[in-house]
Every structure is written in C-alpha cells, then in structure tokens.
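**Student:** Sequence:
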Amino acid sequence: HTWSTMYPYFAPDLARAESRLQKVLEDVRVADADIVALQEVDKKWFELLYEPVLSARGYRATSWCGKSGQTQEGCATFVKRSMFTIEDECAIRLTEL
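End of the sequence shown sits at 939 in the numbering used here; the numbers just go up one at a time, nothing left out.
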C-alpha cells in the first residue's frame, strides 16, 4: 500500500479504510446536511458501508457513478428522504462529454 510513502506522518492505524470511513460518516452525522456528495468512493465501501449506514440515518442514495477505466472509485450522492424526492437521475462521466 502507498499510504506510508504518500503520507509518512499519518499513523498507520488511521490509514486503514475502516478507520478513515468511520470518520467520514461521523462528519456527515455532525453536519446533518440535506445533501451529501462524496467523491473517490470505492464501490465496495459504497455498497457495504455508506449506503446501508446513511440509509438507516434517513438518506436515499442515488446510483453510484464510477470513473471510466479500471478503477472502482466514483461519486456517491445522498439526499435526506424527509427533504427531497428523487424523481429521476442521470449519471454523467466526464469521458462521455
């Protein structure tokens, strides 16, 4: 993994995805935002963590939109169900413009 090279000042236990992602979820909880837009979201973590946790907190996820190519990262948007009704959605990749 490249964390120790890219971020040598970063404590190894904090570099673990499980630790970092819990901090993201805590920031979302504290902000109590009506709309949450995240980038660089790994599809695995979208499905296993973000979508179920935020759904339980009253958010609805739009479809995960991945980057083009081999990476499994992309963008994820969540809206509070009490504030918004999603009637339609369209994922646009920059390579498609």
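Check the hints yourself; a few may be wrong.
List time: in silico DSBU-like cross-link candidates among lysine-lysine, alpha-carbon distance up to 35 angstroms [unchecked claim]: (1) Lys865 to Lys885; (2) Lys922 to Lys909; (3) Lys865 to Lys922; (4) Lys922 to Lys885; (5) Lys909 to Lys886.
No lab work stands behind these hints, which were simulated from the structure alone.
**Student:** Does each hint fit the structure? Answer for all of them.
**Tutor:** Cross-check of the supplied hints:
1. The straight-line distance between the Cα atoms of Lys865 and Lys885 is roughly 18 angstroms, inside the 35 angstroms bound, and the hint therefore holds.
2. For the hint linking Lys922 to Lys909, the alpha-carbon distance of about 25 angstroms falls within 35 angstroms, and the restraint holds.
3. Between Lys865 and Lys922, the direct Cα distance comes to roughly 20 angstroms. Compliance with the 35 angstroms bound is thereby established for this hinted pair.
4. For the hint linking Lys922 to Lys885, the alpha-carbon distance of about 21 angstroms falls within 35 angstroms, and the restraint holds.
5. In summary, the hint linking Lys909 to Lys886 is supported, as the alpha carbons are separated by about 14 angstroms, within the 35 angstroms threshold.
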